[in-house]
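Undergrad: Chains as they are written, first to last, in this note's numbering: chain A, 1 to 599; chain B, 1001 to 1162.
FYI, nobody ran anything at the bench for these hints, they're computed from the structure.
Here the structure is a predicted model, which is why all the values come from computation and not from measurement.
C-beta: ideal position from N, C-alpha, C; glycine also.
Among the hints, a few may not be true.
Unchecked claim - With a straight-line Cα cutoff of 27 angstroms, these simulated DSSO-like cross-link-like pairs (lysine-lysine) come out:
id: 1; chain 1: A; residue 1: Lys-596; chain 2: A; residue 2: Lys-527
id: 2; chain 1: A; residue 1: Lys-457; chain 2: B; residue 2: Lys-1058
id: 3; chain 1: A; residue 1: Lys-30; chain 2: A; residue 2: Lys-183
id: 4; chain 1: B; residue 1: Lys-1147; chain 2: A; residue 2: Lys-304
id: 5; chain 1: B; residue 1: Lys-1112; chain 2: A; residue 2: Lys-535
id: 6; chain 1: A; residue 1: Lys-390; chain 2: A; residue 2: Lys-347
id: 7; chain 1: A; residue 1: Lys-596; chain 2: B; residue 2: Lys-1100
id: 8; chain 1: B; residue 1: Lys-1056; chain 2: A; residue 2: Lys-596
id: 9; chain 1: B; residue 1: Lys-1149; chain 2: B; residue 2: Lys-1112
id: 10; chain 1: A; residue 1: Lys-535; chain 2: B; residue 2: Lys-1100
id: 11; chain 1: A; residue 1: Lys-160; chain 2: A; residue 2: Lys-145
id: 12; chain 1: B; residue 1: Lys-1100; chain 2: A; residue 2: Lys-457
id: 13; chain 1: B; residue 1: Lys-1147; chain 2: A; residue 2: Lys-596
id: 14; chain 1: A; residue 1: Lys-457; chain 2: B; residue 2: Lys-1149
id: 15; chain 1: A; residue 1: Lys-304; chain 2: A; residue 2: Lys-375
id: 16; chain 1: B; residue 1: Lys-1146; chain 2: A; residue 2: Lys-69
id: 17; chain 1: B; residue 1: Lys-1147; chain 2: A; residue 2: Lys-95
id: 18; chain 1: A; residue 1: Lys-69; chain 2: B; residue 2: Lys-1058
id: 19; chain 1: A; residue 1: Lys-30; chain 2: A; residue 2: Lys-69
id: 20; chain 1: B; residue 1: Lys-1147; chain 2: A; residue 2: Lys-535
To be verified - Away from chain B, derived, C-beta distances all over 10 angstroms, residues of chain A:
id: 21; residue: Thr-4
id: 22; residue: Lys-34
id: 23; residue: Val-43
id: 24; residue: Gly-86
id: 25; residue: Asp-138
id: 26; residue: Leu-176
id: 27; residue: Arg-276
id: 28; residue: Gly-299
id: 29; residue: Gln-300
id: 30; residue: Leu-365
id: 31; residue: Val-442
id: 32; residue: Asp-452
id: 33; residue: Glu-567
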Amino acid sequence: MPLTATTILICAGGACISAGEESVKQALEKEIEKYALNDVVRVVETGCMGACSLGPLMVIYPEGVFYQKLTPQAARKIVEEHILKGRIVKEYLYKMPTGEVIPEAVEKLPFFAKQVKIATRNVGYIDPLNIEEYIARDGYFALAKVLKNMSPEQVIEEVKASGLRGRGGAGFPTGLKWELTRKSKGERKYIVCNADEGDPGAFMDRSVLEGDPHTVLEAMTIGGYAIGANQGYIYVRAEYPLAIERLNAAISQAKEYGFLGENIMGSGFSFDIEIRIGAGAFVCGEETALIASIEGRRGQPRVKPPYPAQSGVWGCPTVINNVETFACIPPIIVNGANWFRSIGTEKSPGTKVFALAGKITNTGLVEVPMGITLKELLYEIGGGSSTGKKIKAVQTGGPSGGCIPSEHFDTPVDYESLQKLGAIMGSGGMIVMDEDDCMVDVARFFLEFTVDESCGKCTPCREGTRQMLKILDRITSGEGTEEDLDELEHLANVIKDTSLCGLGQTAPNPVLSTLRYYRNEYEAHVKEKRCPSLKCKQLIRYVIDPTKCVGCTACARVCPVNAISGEVRKVHQIDNEVCIRCGSCIEVCRFGAISKVSP
Amino acid sequence: MVDREKVHALVREAKSESLEEKDILINTLHKVQDYFGNYIPVEAAEIVAEELVVPKSKVYEVLTFYTMFSTKPRGKYVIRVCVNLPCHVTGGREIVQTLKELLGVQFGETTKDGLFTLETTSCLGLCGVAPVIMINDQYYGDLTPKKVKELIENLRSGGDAR
């Protein structure tokens, strides 16, 4: 390979691809070809760089200049100006809210600079399809160290000492899980990677699988050595075709290099990994359901115990870890447990990757030390609200979690603190909501999700969540009563106590946490038949302010049901009996004359 | 007519790729579904059962449990709309409304011309650019009703999915 003077890292994460990364890359390559720069400029497609709201984006090294919101035209200009003439193209740099532009955003922007990357250390920095780039960043070094210098017991001790806890949500100590499985009796054992990331609002696992697939393979092989397994499965959801493609490529490369297969690195240890693809069932993220699905059955959970550590895939002892958990293993082996413990908090060592979504300026992925406060995470790194309205709450842990109101944003983010607030860490999704979001509607929304995804095996979850949804439907349509609120709470607690698996046991959490912090909103819906956030369609009306309306007829023309009447240049009226509350009129009114009111 | 030989070959291919034979039902069904262009004819499902030596009832069980499998023909373009909270709070509701109006179908239905099937999907993990939809294997993010209209019109007039 010729020595190149310039390397362009272009983000090929799912979000940037959807924003047109491919056409930008093609334009870039064509232009480089045109100026015969092929030997000195290298274009590398990396995994997700995290700043999804700025895509498509790229970083040009060695200068480290960060370009964002690119188009094919921008790519051509950057080659002409930046690459050929060494002049930075200002218009595609990141602009601070103050208007100041920052060329080296990766080092200086709070969004990037405040992060500590362990699980995502390579994502966005290497070509995921090139094993050599992974190796160049200490890849497979941990595996070599383990196979040459450590006994399986020593590996388990190291992981235990690091205090690493499951990043999939429950926070079970990883080393302990490995130890239990190693000690379980069984002819064969299995290592499973749970890549069935289904929590709405969480996408860190996808980013690791797409951006650094080898780290998962390496960690699984280390795990296999530690527990005495020779076979691993990666269970990926079918909604992630790109992740599947890159994992497949990584597996064949690893086999070619002798990092997977028979007699790895001449150690006598053999290990193989296969991919199993889901088919659209959220419940398969639950470990016993996942095992059923791997075995080719309906993904329905079963009662625990026995735990997978005793009886997992084909009845054999099995370790199931989440993608992000695995991604932390190689650095722990290379740098030691003490190093890992020096980051994060006493009870939750290390870092956590969070997915920022919803009404936040910097959407995307960030990896930060545990114990960071929500305030730092949402405002300093996340850049605060994206709508100009105040952030009202953040939902953590998806449909199994709860919402945390802004009064509690000083809370440090770790497993225990979030639990105390009635939320959970979950897989790390953070959905930000502002004053326009109705918390009853949000709770109803999650319930709708659970009703849809409940596998139907146990009654509390199948029937109970349906009844809760019915009550919430009544409340949001203005037909709820005060008894409904008590009934809702009662039902929620019963479902929590009696459901078979984690899905049902946590399904009532969004309702319970919104009831805890926003009972007043529920009460407004049932007592006053009013939606304070003006979201619930059956509780709002549209009105035209006669002092602002100039009679331009724009609203009347756009209304799909002809609910608006009025003559040209005269004040218009909305017939709320006919109105379907689609909001089209508000969008077209240039005079701000139309507003929503409740009741 | 189902090309029986082809289905047999697909199942054998799936078998040859796998170390464990007992557990390849789901992967095999994916292969068969891809071959038929996003659905699995009952006849083909029967061949799968025969070839993998599992009861037909088990194949049926699996087919009906997972939302991505269908025994009914689906449109040339399967549009999967993310209906989860991150998309909901960023305007997903309007996207759903626009799609239903444009296509004249509800979720789970296929347009009369056989071009589009509208389905919901669980989170696609592209919340950074919500609201998001997936058309076959392609993702589309940062959607607005206007962009959705353009997208559908483009596909209707024979444009490709990008």
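Undergrad: A separate judgement is required for each hint: does it hold in the structure or not?
TA: Structure-based check of all given hints:
1. A:Lys-596 with A:Lys-527: holds (20 angstroms)
2. A:Lys-457 with B:Lys-1058: At roughly 16 angstroms apart (the allowed maximum being 27 angstroms), B:Lys-1058 and A:Lys-457 satisfy the hint.
3. A:Lys-30 with A:Lys-183: The given pair, whose Cα atoms are some 58 angstroms apart, is violated under the 27 angstroms limit.
4. B:Lys-1147 with A:Lys-304: Violated, at roughly 47 angstroms.
5. B:Lys-1112 with A:Lys-535: With a Cα-Cα distance of about 34 angstroms, the restraint between B:Lys-1112 and A:Lys-535 is violated, given a limit of 27 angstroms.
6. A:Lys-390 with A:Lys-347: violated (32 angstroms)
7. A:Lys-596 with B:Lys-1100: holds (24 angstroms)
8. B:Lys-1056 with A:Lys-596: violated (55 angstroms)
9. B:Lys-1149 with B:Lys-1112: holds (18 angstroms)
10. A:Lys-535 with B:Lys-1100: Holds, at roughly 21 angstroms.
11. A:Lys-160 with A:Lys-145: holds (17 angstroms)
12. B:Lys-1100 with A:Lys-457: violated (32 angstroms)
13. B:Lys-1147 with A:Lys-596: holds (26 angstroms)
14. A:Lys-457 with B:Lys-1149: Since the Cα atoms of A:Lys-457 and B:Lys-1149 sit roughly 40 angstroms apart, the hinted pair is violated (cutoff 27 angstroms).
15. A:Lys-304 with A:Lys-375: Distance of about 38 angstroms is beyond 27 angstroms: violated.
16. B:Lys-1146 with A:Lys-69: holds (20 angstroms)
17. B:Lys-1147 with A:Lys-95: holds (26 angstroms)
18. A:Lys-69 with B:Lys-1058: Cα-Cα ~49 angstroms, so violated.
19. A:Lys-30 with A:Lys-69: The given pair, whose Cα atoms are some 19 angstroms apart, holds under the 27 angstroms limit.
20. B:Lys-1147 with A:Lys-535: Holds, because 24 angstroms separates the two Cα atoms, which is no more than 27 angstroms.
21. Thr-4: The claim stands: A:Thr-4 keeps its Cβ more than 10 angstroms from every Cβ of chain B (closest is about 29 angstroms).
22. Lys-34: holds (23 angstroms)
23. Val-43: holds (20 angstroms)
24. Gly-86: Given a closest Cβ separation of 32 angstroms, the condition holds.
25. Asp-138: holds (27 angstroms)
26. Leu-176: At about 28 angstroms from chain B, A:Leu-176 clears the 10 angstroms cut-off, so the statement holds.
27. Arg-276: Violated: least Cβ distance 7 angstroms, not greater than 10 angstroms.
28. Gly-299: violated (7 angstroms)
29. Gln-300: violated (8 angstroms)
30. Leu-365: About 8 angstroms separates A:Leu-365 from the closest Cβ of chain B, which leaves it inside 10 angstroms; violated.
31. Val-442: violated (7 angstroms)
32. Asp-452: Per Cβ check, A:Asp-452 is inside 10 angstroms of chain B; nearest 8 angstroms; violated.
33. Glu-567: A:Glu-567 is indeed farther than 10 angstroms from all Cβ atoms of chain B, at 29 angstroms.
Going down the numbered hints, you'll see the structure goes against 3, 4, 5, 6, 8, 12, 14, 15, 18, 27, 28, 29, 30, 31 and 32, while the others check out.
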